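Visitor: Chains as they are written, first to last, in our numbering: chain A, 1 to 282; chain B, 1 to 334.
Careful, some of the hints might be misleading.
Listed next, the in silico DSSO-like pairs over lysine-lysine satisfying Cα-Cα at most 30 Å (straight line) [unchecked claim]: (1) Lys54(B) <-> Lys89(B); (2) Lys144(A) <-> Lys7(B); (3) Lys9(A) <-> Lys123(B); (4) Lys7(B) <-> Lys292(B); (5) Lys292(B) <-> Lys123(B).
Hints are computed from structural coordinates only; laboratory data are not their basis. Source: prediction; values computed, not measured.
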Amino acid sequence: MMRRFINNKSALFGLVILIILILSALMAGFIAPNSPTPSPPDLHNSLKPGFWSKDGIQGMPLGTDALGRCVLSRIIFGTRVSLSAGLVAVGIAMILGIMLGVIGGYFGGWVDSVIMRFVDIMFAFPALLLAIVIVAVIGHGLDKAMIAIGIVYTPQMARIIRSSVLYIKEMEYIEVQKAIGSSNLRIIFRHVIPNSIAPVIVYGTLMLATAILDCAALGFLGLGAQPPTPEWGAMLARSYSYIVSGAWWAATFPGLAILLSVLSLNLLGDGLRDTLDPRLKT
Amino acid sequence: MKWYITKRLLMLIPVLLGVSVLSFLLIHLAPGDPARTMAGEHASSQTINAIIEKYGLDKPLTTQYWIWLKRVMRGDMGRSIVSNEYVTKEILDRFPSTVELTLFSLMIAIIVGFFAGIISASKQYSTLDYTTMGIALFGVSMPVFWLGIMLMMVFGVFLRWLPIGGRINILIPFQRITGLYLLDSLIKGNFAAFVSALRYLILPSITLATIPMATIARVTRSSMLEVLRQDYIRTERAKGLPERTVIYKHAVKNAMLPVITVIGLNFGLLLAGAILTETVFSWPGMGRYVVKAVGMRDYPAVQGCVLFFALMFVVVNLITDVLYIFIDPRIKYK
Numbered sequence: 001m002m003r004r005f006i007n008n009k010s011a012l013f014g015l016v017i018l019i020i021l022i023l024s025a026l027m028a029g030f031i032a033p034n035s036p037t038p039s040p041p042d043l044h045n046s047l048k049p050g051f052w053s054k055d056g057i058q059g060m061p062l063g064t065d066a067l068g069r070c071v072l073s074r075i076i077f078g079t080r081v082s083l084s085a086g087l088v089a090v091g092i093a094m095i096l097g098i099m100l101g102v103i104g105g106y107f108g109g110w111v112d113s114v115i116m117r118f119v120d121i122m123f124a125f126p127a128l129l130l131a132i133v134i135v136a137v138i139g140h141g142l143d144k145a146m147i148a149i150g151i152v153y154t155p156q157m158a159r160i161i162r163s164s165v166l167y168i169k170e171m172e173y174i175e176v177q178k179a180i181g182s183s184n185l186r187i188i189f190r191h192v193i194p195n196s197i198a199p200v201i202v203y204g205t206l207m208l209a210t211a212i213l214d215c216a217a218l219g220f221l222g223l224g225a226q227p228p229t230p231e232w233g234a235m236l237a238r239s240y241s242y243i244v245s246g247a248w249w250a251a252t253f254p255g256l257a258i259l260l261s262v263l264s265l266n267l268l269g270d271g272l273r274d275t276l277d278p279r280l281k282t
Numbered sequence: 001m002k003w004y005i006t007k008r009l010l011m012l013i014p015v016l017l018g019v020s021v022l023s024f025l026l027i028h029l030a031p032g033d034p035a036r037t038m039a040g041e042h043a044s045s046q047t048i049n050a051i052i053e054k055y056g057l058d059k060p061l062t063t064q065y066w067i068w069l070k071r072v073m074r075g076d077m078g079r080s081i082v083s084n085e086y087v088t089k090e091i092l093d094r095f096p097s098t099v100e101l102t103l104f105s106l107m108i109a110i111i112v113g114f115f116a117g118i119i120s121a122s123k124q125y126s127t128l129d130y131t132t133m134g135i136a137l138f139g140v141s142m143p144v145f146w147l148g149i150m151l152m153m154v155f156g157v158f159l160r161w162l163p164i165g166g167r168i169n170i171l172i173p174f175q176r177i178t179g180l181y182l183l184d185s186l187i188k189g190n191f192a193a194f195v196s197a198l199r200y201l202i203l204p205s206i207t208l209a210t211i212p213m214a215t216i217a218r219v220t221r222s223s224m225l226e227v228l229r230q231d232y233i234r235t236e237r238a239k240g241l242p243e244r245t246v247i248y249k250h251a252v253k254n255a256m257l258p259v260i261t262v263i264g265l266n267f268g269l270l271l272a273g274a275i276l277t278e279t280v281f282s283w284p285g286m287g288r289y290v291v292k293a294v295g296m297r298d299y300p301a302v303q304g305c306v307l308f309f310a311l312m313f314v315v316v317n318l319i320t321d322v323l324y325i326f327i328d329p330r331i332k333y334k
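Extracted from the complex, chain A is given alone in its bound form (with noise of 0.2 Å):
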């Protein structure tokens, strides 16, 4: 299996970017050149080119933003909030879409009816639509956007977890926990919810992509994270309207940043599904 994975090419380019973001994004303290936030602002640096132009500012690799800020540092330190985002959205559509999923399919009847049309009534939003309301309920920030798309996710979740879990709740394994008298909570626990993680694993690779791109979009439209805060999709926010005036880095390398790591995340995840579930190969 492990060979198969290393053979996909795409996913091992995948994985390889995937790593070297996760290490800037812990090590961003040491790798940036400057300081994402510095303050007092350097206003007489405001959008300052970087190394293509001859007049580019010394130490600032891609230049500087409206307020004179670096643009790689704070890209660097962007990963760090882009990534942990991401994972903590994907971590509580997980939780919820586990507890949903494994209820509704392991005990089925009302309980499973009643879930199942709820996360109907979830699925008549756009994903993005539904993030936006719940930040307008309970309000701006990353925190809040990480919890309104973790929120918008389980849905898709629970269904995963769900269809698994009515397989496997159906093999002889089972079967016998129950004839040996295991309780409904030890089987759920130590058989049920170990068995139908493989697909947990793939599509929250592949959420987590979406999950950055929707935190993103959140910060781009002013609803996720707040200045200073070095998120991509803020800063992209706040330095797009300076493409008019010819200062496009600012814009540019920030969008490239979600770009690469949405690329990465997607070939991994296609990666996986090939290597565990070969089945669901495109």
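Assemble chain B onto chain A, guided by the hints.
Guide: Frame of chain A, contents of chain B only:
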């Protein structure tokens, strides 16, 4: 089939009820007193009392819900806190521009995505196949808002080929009829307005089309590959039919079903993408409206948008499901 459509319509009732409860509760879940929330921050106590009276905010929650639902059924979703206009009117004003943007984008996405997928599949493992699928992979990972900004930067700011925001050149005389500017200008035979509206539409719709285009290309390819492996395709090739006929007359038809599913599923993404695209290009549609409403805590407007968006989404899903029966007669619904 009639029975299936009826059943599918009946299934909508609980979903729509749930959606209505959710958007009704929005104002009550928001921090603070609902009457004050509806009246806006600086309202006088008189206004607040009037609102409590009008919406029955002193009555039990279930009664309030019925009062609210009856109002909404009549098309009255209250007034916006910001503009003091009727929310229904504000939404209906903006609805056509979102429709024009999403439909135009969907059209681009379907045409380009579908053909890219077919070509990729019929030349599997060729350089062309790898390039197309590589681009598609980038496409599905693309942050829509960033793509919009990049297109705007290259074609609007640096090359100055296309305008970077708005819907039409305001200096051109133009009469609004349906609100779909391309259609309106065609009805009036106003060629200058048509060209202008088209120019303003190009960048936003390419931005919005990219993700669904990439998804459609990927799904079309894999579905085509599956069909091309079938025995009847081999038979057709064996009896000497030209490759064109095999692919475009026989394979494509059978490969279409999963593509339709994915187009239906993508509609939600398209609406979400419209929210971002409209914000980037100052496109005066519902997406930009809902973002502004949330930013200003204009709850009646948010409520209206939520209902409207959900309704659109649900109706499109219904249409997709019904389309199946026409496209694939093998599917029998009881």
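Visitor: Now look at each hint and say whether the structure bears it out.
Guide: Outcome of the hint check:
1. Lys54(B) <-> Lys89(B): holds (20 Å)
2. Lys144(A) <-> Lys7(B): Status violated; Cα separation ~39 Å.
3. Lys9(A) <-> Lys123(B): Within the cut-off at roughly 21 Å; holds.
4. Lys7(B) <-> Lys292(B): violated (38 Å)
5. Lys292(B) <-> Lys123(B): With Cα atoms ~47 Å apart, lysine 292(B) and lysine 123(B) exceed 30 Å; violated.
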